[in-house]
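Engineer: Residues per chain are reported as follows:
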Amino acid sequence: MHNAPHAIGRRRTFVLVGLIALALVGATMSAMNGQLTASAADVMGSFLHGLGIDTALRTEDALIEQTLLQIRFPRIAMSLLVGAALAVAGAVMQSIFGNPLAEPGVVGVSSGAALGAATALALGITAFGGWTVAIFAFVGGFVSTILVYFTARSDGRTEVVTLLLTGIAVNAFAGAGLALMMFAGGSAEREQIVFWQLGTMNGSRWSEVLIVLAVTVPTMVWAGILAGRYDILALGERPAAHLGVNVERLRIVSIVLVALLTAVGVAFVGIIAFVGLVVPHMVRMLFGPGHRWLLPVSAVGGAVLLVWADLFARTWVSGSDLPIGLLTSLIGGPFFFYLVRSARARAGGWA
Amino acid sequence: MSDNTMAYQLHDVDCVRGATTVLEGVSLDVNRGEILALVGPNGAGKSTLLAVMAGDIVPSRGRVMLQGKDIATFSPRELARLRSVLLQSNQVSFSFSVRDVVLMGRSPWAATSDDETDERVVRQAMADADVEHLANRSFQALSGGERARASLARVFAQDTEVVLLDEPTASLDLRHQEDVMVAARRLADEGKAVVVVLHDLSLAAAWADQIAILAGGRLVEVGVPTETINADLVKRVYGIDVHVLSDPSGRMVIIPQRP
Chain G
1 MHNAPHAIGR RRTFVLVGLI ALALVGATMS AMNGQLTASA ADVMGSFLHG
51 LGIDTALRTE DALIEQTLLQ IRFPRIAMSL LVGAALAVAG AVMQSIFGNP
101 LAEPGVVGVS SGAALGAATA LALGITAFGG WTVAIFAFVG GFVSTILVYF
151 TARSDGRTEV VTLLLTGIAV NAFAGAGLAL MMFAGGSAER EQIVFWQLGT
201 MNGSRWSEVL IVLAVTVPTM VWAGILAGRY DILALGERPA AHLGVNVERL
251 RIVSIVLVAL LTAVGVAFVG IIAFVGLVVP HMVRMLFGPG HRWLLPVSAV
301 GGAVLLVWAD LFARTWVSGS DLPIGLLTSL IGGPFFFYLV RSARARAGGW
351 A
Chain V
1001 MSDNTMAYQL HDVDCVRGAT TVLEGVSLDV NRGEILALVG PNGAGKSTLL
1051 AVMAGDIVPS RGRVMLQGKD IATFSPRELA RLRSVLLQSN QVSFSFSVRD
1101 VVLMGRSPWA ATSDDETDER VVRQAMADAD VEHLANRSFQ ALSGGERARA
1151 SLARVFAQDT EVVLLDEPTA SLDLRHQEDV MVAARRLADE GKAVVVVLHD
1201 LSLAAAWADQ IAILAGGRLV EVGVPTETIN ADLVKRVYGI DVHVLSDPSG
1251 RMVIIPQRP
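Each protein sequence line maps, in turn, to chains G and V.
With the numbering used here, you'll find the first sequence wraps up at 351, consecutive numbering, no jumps.
With the numbering used here, you'll find the second sequence wraps up at 1259, consecutive numbering, no jumps.
Quick caveat, the hints were computed from the structure, so don't treat them as lab data.
By construction, the Cβ of each residue, glycine as well, lies at the ideal position given by its N, Cα and C atoms.
One thing to keep in mind: the hints can contain errors.
Said to hold, decoys possible - Just so you have them, the derived chain G footprint on chain V, three or more residues with Cβ under 8 Å: (1) 1082-1091; (2) 1104-1110.
Claimed, not checked - Derived, one-sided and incomplete: chain V residues facing chain G with beta-carbon distance under 7 Å: (3) F1074; (4) F1094; (5) S1095; (6) R1137; (7) G1223.
Kindly generate the complete structure, drawing on both the sequences and the hints.
Structural biologist: Below you can see the structure in the form of structure tokens.
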């Protein structure tokens, strides 16, 4: 396969362009569909209007324009960003755990972040204004990542069984914590916490999208810069250190990256599991394990997955908005079974 | 740095891990252009000594000088350009190809090397370790011996002045064992220092310029193999009676006395 690098390059470019097209088509269709139906021209016109460019495409129906600009566009932007962030978080986590089954949802980082967010909400803490929930989610996510990382790993790798058992423990604890917060909070907080547990893009606002954007984009770029080091880390911690990688620093930085990427999404849309598992796995099958491709393509793939999943969630049952986390778990759960089975078939249980 | 600087100078190195003293009072010089074989019974502290020389473990006492400078003063990147290390067991997460893995050996030189040089060094390293035919195979799909050779190619590709090999021959067939030692010999002839942990005393005696015998964390003897190894020493260190013979080319052969 190395005899034809051009053919590989072409195929990769083709897939990447296809994924980007899929994201754009998904975003457009998502904007068009809903209780109010908008045409592709309406969507284009309103999008350009939102950017400050008024064209002949701009719709005369103010209600449609308002719906697109205030409700659907932020929701779509949120889906794209959170999808990309979760997929990259999964890929980074798999690299530092040396295990393709490591994923923020599975090992409990998402529920840890949700617990942090719920704590802020239920106890009425608003110390950091609009950022409060995000910051508390980050702290919860960070603590649970650290916890899982240092209990489940030995010698730079994680056995599947240890990883999953640690995940069960963290998820159980965070679940209990969330239940406690439900008791502590009023009925409004209770409802919000339930939504967090299920995950939904419903009600995404531009102010929230901007926070997610400000956190995830620099974080993903940072992860991309570390791509070469993640490749070398696949050799194990000692060999990576022998090749000049500062392993200690890389893993601390990576834990922060994973916690940031996961927590900021959880803070505003709740727990959406398995994106970080399914997407990097698919990308590895198409692009190979090298992180220079894996990270950016996973970002695009995650965006595609969530924008389509959200469209589906909004339109499947007319008049109701299914929780998106429910959908991703419906797909991701069986996929996870399949991965566990194939990991078990290999000696040692890691791939 | 003058040409006569030793590759390694270890002064009175102790290594305590938990309650056990793994190394005690080890002083050892390693010359450039030579193969030093580290031998000794299981648990003698060979791998620990190699880890100390690699800079992985900071000794509890004593000093380790690499190319005339204290090893603790090097940054990870500087160290990666000075010494390469082959560990006993080699695993790779995710299905990187053998070529990918060998190319990772070039990473310390990323800032100073170009693609053409990398390509040439990688091809030579894969030829030396006889893994060219495995280039596009996934590392995870290889047998134990193939993994060891692919990892050895990665170490060769790192192209450092000091090469540390922990039992590179352990899972290899007879021919590949010899190939590894031929490659080590060539590195030494190019002026590099090669430290290799071996279990096969005959292999060590045949290829090493110096042999260091380790037992119970202490250095028992260091010297030219023919002057160092004898039946008494082997009996004392390993607790087994051996015959020390000569093969037809005059090299030393050590075999157990069997009833």
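Engineer: Indicate, hint by hint, whether the structure satisfies it.
Structural biologist: Hints, one by one, checked against the model:
1. For the region 1082-1091 of chain V, the stated coverage by chain G holds: 6 residues have a C-beta nearer than 8 Å to a C-beta of that chain, and at least 3 were required.
2. Counting residues of the region 1104-1110 of chain V whose CB falls under 8 Å from any CB of chain G gives 5; the rule of at least 3 is met.
3. Nearest Cβ of chain G to the Cβ of F1074(V): about 10 Å, over the 7 Å cut. The hint is violated.
4. Interface hint status for F1094(V): upheld, as the beta-carbon distance to the closest one in chain G is roughly 4 Å, under 7 Å.
5. Proximity of S1095(V) to chain G holds as hinted, the smallest CB-CB distance being about 6 Å (cut-off 7 Å).
6. The beta carbon of R1137(V) is not positioned within 7 Å of any beta carbon in chain G (closest approach about 11 Å), and the interface hint is therefore violated.
7. For G1223(V), the suggested interface contact is broken, since its CB lies about 29 Å from the closest CB of chain G, more than 7 Å.
In this structure, the hints that do not hold are numbers 3, 6 and 7, in rising order.
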